[in-house]
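Enquirer: Listed here are the chains, written in short residue letters.
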Amino acid sequence: MVRLRATAISASVVLALVVAAGCSAPGGDDKKAGDDSGPIKIALVDAQSGQLSSLGAWELKGAKLAVTEWNAAGGINGRQIQLDVFDDQGDPTTGTNLARKIDSEGYIAMLGTAESAVTIAMAPTLKTAEIPNITSGQSPGLVAVGSEFLFLNGPTSTTYDETLAKYIVDQQGIKDIALITNNGSYGKGEHDAFTKALKTRNVTPLVDQVVTADQKDFSAALTTIRQKNPKLIFLGAEEVESGLIVKQARDLGITVPFAGAAPQGTPVFLDTAGAKNAEGTIVSSPYLSNDINEASKKFATAYKAAYNEEAELHGAKAYDGAQILLTALKSSNVASGKPLADAIRGTKYQGLLGSFAFDNTGVGIFATSIGKIENGKLTAASS
Amino acid sequence: MRYRIGIIALAALAAWFLPYGLDSYAIHVVNVILIFAILAIGLGLCMGVGGQVNLAQVAFFGVGAYTTAILTTKTGWGFWLSAVLALAATIAVGLLVGTPALRVQSHYLGIVTLGLALAFTNWVTNAQVAGGAEGISAIPVPTIPGVDLSNEYLYYYLELAVFAVGLVFGLFIVRTALGRRMRAMRDDALAAGALGADVPVLRMTAFLLASVYGGLGGVLYAGLIRYVAPETFSIANMFLLLGMVIIGGRQSLIGCVVGAAGLYLVRELLADHPTVAQIGYGTVVVLVVVFAPTGLAGLPKRIRDLVTRRRGGQGEAARLQPFQPYETVRPDESGSQSPILEVDGISMYFRGLRALDDVSLSITPGEIRGIVGPNGSGKTTLFNVISGLYRPTRGRIRFRGQDSTGLAPYRLARAGMSRTFQNLRLFGDLTVEENVLVAIDRNATWHSWRYVARPISVLRRDRDLHRRAAEVIERYGLAEFAALPPKSLPYGIQRRVEIARAVAAGPALLLLDEPAAGLNGDEVRQLSEIVRSVRDSGVTVIIIEHNMGLVMSLCERITVLASGHVIAEGEPAEVASTPAVIEAYLGDSMSSDDLPSVPEVTG
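Read top to bottom, the protein sequences are chains W and U. Counting in the working numbering, the first sequence tops out at residue 383, every number present. Counting in the working numbering, the second sequence tops out at residue 603, every number present.
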């Protein structure tokens, strides 16, 4: 009897709800855009947990540094800037959730993510919601999305390898090149981009070795490379694996230099390989080191003061991205939506990575610098 | 019942009107949760119900999503056609991933399936057709005339429909013959095989079901997110899925759904507090595994049990009723009495050990044959060879006139052989009634196509099975225990359940391995009554027993084994006086229990 009554009561409650809801289709929440008072809300979406959390942490530090500087200088139009962090866990699905979340919570712009796939997954939603996004991803796929709300805070990965190939083949005239890359997403991208850059120069690699992303012993691949007697070895792998490869290559008596993109310019790589082994490594990176010029020295000092650790590429990229966004916010009088996107596109900015001038694809910088490890330090290469 | 209908109606109404109260972010999260819930149901069916460790569910999910993405973007085929093909592709992959299950089980199977899942993510990262690390974007919106599915609120109803059908179908399987058989296999694959459950087919069915749900989830994902990338199908998400199923309770599909919704919501709520999230997430998993191994779904029952225990038991304890004998069937005297079972020169070697050495036996229909011998004389090995668990090193076996050497246990069971085990092998997580039901069900598993094509006939058949099981349970006096799990019953009753189960399978030949072990005098007397009645109903019985009183009084002929040889065969009195037998017993063991005591037979 009691149960029956409970059922009856709950049924009538539901019925009441139904009547209240009416017979309209669900959806259509009213969004408050262009809120003119209070802080300017910017979302930073990045992996704060999971495998990519170190990237996310660097990004956060770089972006936060820029925001802190602006806030200390009085904000924009007297309004403070509020930077809120969201964890995408490096997962595209979570990214799509967060894209809707920052939309419904009224953020006017987004910084991040460092993971291209997550950014691509978020792009359609952000485009519909008209939220400009400056990402740290560098995959050509970001450009292929074709969203006028998506911007890159650095060059695309093809630029790294194009610049590298130009230096090696066109300037140094080295054509006997061996490839060793891993089959992870980074290594695969490097492999394809560099092979493509070589092909346009009619150079075919002597040997093309692919290793797995968590391999520790590379003697088989390196022995094959040694037999072909190349003049240079292109290396497409993350910091630690790159270091191990170089170290083992030297143990096997391979003396020719290695060449690669950003990971080979990092202290982690230098430490893993050993400074002596890494000597002569050619690096293509938009941010070679902290003491390359005055701006980077100033940034590195501020970074060190704030976080008590050395600045590096990802932090610098995020710093540039945040600076560009904040500059655009200022120049557009805190616009949002399409006007803000246009303002970002129109922003000319001299940053740590070089001078930014965005084109229609959302890319603002089209060259990297070539550096060389000499005496255990990465310095700009003289061509 | 009415209560339950009320709850279901309420849940359905709530689900129907849920979108009215949600903003666009919340509805998106709900849509993602529904996809995970569908995946979790599939994993629950494979792992919780079928007992097959499957760490490749995320790969099934990926195959479904990727195939849809590739077909719609590269070939320009419509979404629904691509979806159907994607489902077919997932099923093919599922069956492929399942094949190792035919050879390895438990954690080995986990390692193999995990390896295959890793291979999948690796492949999509490197394959040109799958778009590499960038994945595939711009998947077209699925179309239904008159409904705009790019609207996530309306997409919710599509997902809700698929989810509801999937859940109902899953529950339908779990509660009827197929699911019962899968659960039996999970609890004890050996015993299930000996009762006629075709274990290899069942294992593949478990993976088939997992892949169907995985494929559905994948197709819905492709239509919702309209972008696929390798990271979505990472091992991290596999373990998230695993966490959902374990926290929710893998043996209950509702539990899996609750786990999926709960864990995803927690993850989403804690998105702003990443450090807390990781600690919290880990803590919850550990707490559940330690304090509620049956997951959230098992909690209500545990609480109920606790309350009853506090109150001091439930009024009257269940009592065993007397066995009601079968009607005697007059043996067919006219026909030629060709042996039902012929064991011809069987040898069984385990490396250097000769467990059986050139053993021959011939059993005539309607006989009760006793097999005795000292410990280690090869009695149980002989049973295992006869019932197909071991393939003999040498020799042939003919069962009902057919050569049955090396046939799989379930084939022999189908052909009319049934057995019990020396150490009880009841299906621990099934009730007594379900134990009997598994035995009564004689259909081959491939008949399960009816689940899709003719669900009503499945239900009708199941009702018939229940009726017949009730008869068996009534006859064995187990009515008051029908709904209890056998683990909770006294040893003697468990023995009776196992015999009831073996006889319920309707065998022509019944093998009983030490049925009197651990029984008291009264129970032994009841056992002998049961065995005799079973024989009188037309079943031939072979019995291994150490209780000589029972053997001498029950068996018409006795075969004595010692060190893998047959040392004597004949009528009880005749065998008991054979010098070789006395020597074997005295030479091997001085235990007086094992001595054939002639007075009891003659007395």
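Keep in mind the hints are simulated off the structure, nothing from the lab. A quick note: this is a predicted structure, and the numbers were derived from the prediction, not measured. For every residue, glycine included, the Cβ atom is placed at its ideal position computed from N, Cα and C. Be careful, since some hints might not be right.
[Claimed, not checked] Below, simulated DSBU-like cross-link-like pairs (lysine-lysine); rule was C-alpha separation at most 30 Å, straight line:
| # | chain 1 | residue 1 | chain 2 | residue 2 |
| --- | --- | --- | --- | --- |
| 1 | W | 41 | W | 61 |
| 2 | U | 74 | W | 127 |
| 3 | U | 487 | W | 196 |
| 4 | W | 377 | W | 127 |
| 5 | W | 372 | W | 276 |
| 6 | W | 377 | W | 304 |
| 7 | U | 487 | W | 199 |
| 8 | W | 276 | W | 166 |
| 9 | W | 231 | W | 348 |
[As the list claims (entries may be wrong)] What the simulated footprint calls covered on chain U by chain W, stretch by stretch (three residues with Cβ under 8 Å from a Cβ of chain W suffice, anywhere in the stretch; the number is not a length):
| # | segment |
| --- | --- |
| 10 | 51-57 |
| 11 | 118-130 |
| 12 | 178-190 |
[What the hints assert, rightly or not] Derived DEER-like restraints, expressed as beta-carbon distance ranges:
| # | chain 1 | residue 1 | chain 2 | residue 2 | range |
| --- | --- | --- | --- | --- | --- |
| 13 | W | 338 | U | 148 | 22 to 30 Å |
| 14 | U | 10 | W | 54 | 44 to 52 Å |
| 15 | U | 78 | W | 201 | 40 to 48 Å |
| 16 | W | 82 | U | 78 | 41 to 49 Å |
| 17 | U | 276 | W | 170 | 51 to 59 Å |
Enquirer: Next, verify each hint and record whether it holds.
Expert: Quick rundown of the hints versus the structure:
The hinted pair formed by residue 41 (chain W) and residue 61 (chain W) meets the criterion: a straight-line CA distance of about 17 Å does not exceed 30 Å. At roughly 24 Å between alpha-carbon atoms, residue 74 (chain U) and residue 127 (chain W) fall within 30 Å of each other, so this suggested pair holds. Taking the CA atoms of residue 487 (chain U) and residue 196 (chain W), the gap is about 67 Å. The hint is violated against a cut of 30 Å. The straight-line distance between the Cα atoms of residue 377 (chain W) and residue 127 (chain W) is roughly 43 Å, outside the 30 Å bound, and the hint therefore fails.
Pair hint residue 372 (chain W) plus residue 276 (chain W) holds up; C-alpha atoms about 13 Å apart against a cutoff of 30 Å. With a C-alpha separation of about 19 Å, the suggested pair residue 377 (chain W) and residue 304 (chain W) falls inside the 30 Å cut-off, and the hint holds. A hinted pair counts as satisfied when its Cα atoms are at most 30 Å apart, and residue 487 (chain U) with residue 199 (chain W) does not qualify at roughly 71 Å. Between residue 276 (chain W) and residue 166 (chain W) the CA atoms are separated by roughly 26 Å; this keeps the pair inside 30 Å, and the hint holds.
For the suggested pair residue 231 (chain W) and residue 348 (chain W), the alpha carbons sit about 40 Å apart, so the restraint of at most 30 Å is broken. With a threshold of 8 Å between beta carbons, the proposed coverage of the segment 51-57 of chain U by chain W is violated, since 0 of its residues qualify and at least three are required. For a cut-off of 8 Å, the count of residues in the segment 118-130 of chain U with a CB near a CB of chain W stands at 3, and the three-residue condition holds. By the rule of at least three residues with a Cβ nearer than 8 Å to a Cβ of chain W, the coverage given for the segment 178-190 of chain U is violated, with 0 such residues.
For the pair residue 338 (chain W) and residue 148 (chain U), the beta carbons lie near 24 Å from each other, so the given range of 22 to 30 Å is met. Between residue 10 (chain U) and residue 54 (chain W), the C-beta spacing of about 47 Å keeps the proposed range 44 to 52 Å intact. Restraint check, residue 78 (chain U) to residue 201 (chain W): a C-beta distance of roughly 43 Å satisfies the suggested window 40 to 48 Å. Evaluation of the 41 to 49 Å hint for residue 82 (chain W) and residue 78 (chain U) yields a pass: the beta carbon distance comes to about 46 Å.
Look at residue 276 (chain U) against residue 170 (chain W): about 53 Å separates their beta carbons, and that is inside 51 to 59 Å.
Violated hints, in rising order: 3, 4, 7, 9, 10 and 12; the structure is consistent with all others.
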